[in-house]
Amino acid sequence: DSGVTQTPKHLITATGQRVTLRCSPRSGDLSVYWYQQSLDQGLQFLIQYYNGEERAKGNILERFSAQQFPDLHSELNLSSLELGDSALYFCASSPRTNVLTFGAGSRLTVL
Amino acid sequence: DQQVKQNSPSLSVQEGRISILNCDYTNSMFDYFLWYKKYPAEGPTFLISISSIKDKNEDGRFTVFLNKSAKHLSLHIVPSQPGDSAVYFCAASRGPNSGGSNYKLTFGKGTLLTVNP
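Quick mapping for you: the protein sequence lines, in order, are chains P and X.
Residue 65 in this note's numbering sits at position 65 of the first sequence, and the numbers go up by one each step.
Residue 144 in this note's numbering sits at position 33 of the second sequence, and the numbers go up by one each step.
Don't read these hints as lab results, they were simulated from the structure.
Where is the CB? At the ideal position from N, CA and C, for every residue including glycine.
Worth double-checking, as some hints may not be accurate.
To give an idea of the chain P side of the interface with chain X (calculated C-beta under 8 Å), a few residues [unchecked claim]:
1. Gly3
2. Tyr33
3. Ala56
4. Ile60
5. Phe90
6. Val99
7. Leu100
8. Phe102
9. Ala104
10. Gly105
11. Thr109
Whenever a hint applies, use it, and build me the whole structure from the sequences.
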């Protein structure tokens, strides 16, 4: 157990729908990072939050949004889902170091 | 534009031999490099890292070498064990931005290592 908790582990939905992925960082970590891993792709950085504020944005689509709440948990919202959004979504947390600790991921399947 | 490249999608070695995984990067601003290991159905786990001020870092059976002039790093596993079979990701960081709160990692696509008994 890495200490980073992601829910749900698996999610199957239809095109056009909206889903929310949740992440609880390790105790004491203020930073949360979201990554997407599609088939045959590496981990693509989506977005980072630090203590509730957005700090960096990567290849995140406009249909996707995220936030970090006062208790430091984070949610990634994916809307108007397309088949190509099927992927593993990882959350990672960090205590202001380069070493990110990852959760087990949420596998999203869009049918 | 892929800034971190792992050109070998897979590698197969015999138990007890050396595994060498390679990684190239293009962004000269990267100053910290990490290797992560990933088993199926799990998230990536941190393995070993190296700062750009060093050219070698060792931790047990794992050694990472950095050649800054060639923008190349490698991970050596000696001796390789069947439990080392996993996907290995190389990652790079530019160091902290935003007042020391952003340590975004850029990842390669990974190399699947298979260690045969």
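How the hints compare with the structure:
For Gly3/P, the shortest C-beta to C-beta distance to chain X is roughly 11 Å, which exceeds 8 Å, and the interface hint is violated. The beta carbon of Tyr33/P comes within 7 Å of a beta carbon in chain X, closer than 8 Å, and the hint placing it at the interface holds. Against a cut-off of 8 Å between C-beta atoms, the interface hint on Ala56/P holds, since the closest Cβ of chain X lies about 5 Å away. Taking 8 Å as the C-beta cut-off, the interface hint given for Ile60/P is violated, the closest approach to chain X being about 12 Å.
A hinted interface residue such as Phe90/P counts as satisfied when its beta carbon comes closer than 8 Å to some beta carbon of chain X; here the least separation is about 6 Å, so the hint holds. A least Cβ separation of about 5 Å between Val99/P and chain X falls short of the 8 Å threshold, and the interface hint therefore holds. Because the beta carbon of Leu100/P sits about 6 Å from the nearest beta carbon in chain X, less than 8 Å, this interface hint is met. Given the 8 Å rule on beta carbons, the hint for Phe102/P holds: about 4 Å separates it from the nearest Cβ of chain X.
For Ala104/P, the suggested interface contact is upheld, since its CB lies about 5 Å from the closest CB of chain X, less than 8 Å. About 5 Å separates the beta-carbon of Gly105/P from the nearest beta-carbon of chain X, less than 8 Å, and the hint is met. Against a cut-off of 8 Å between C-beta atoms, the interface hint on Thr109/P is violated, since the closest Cβ of chain X lies about 15 Å away.
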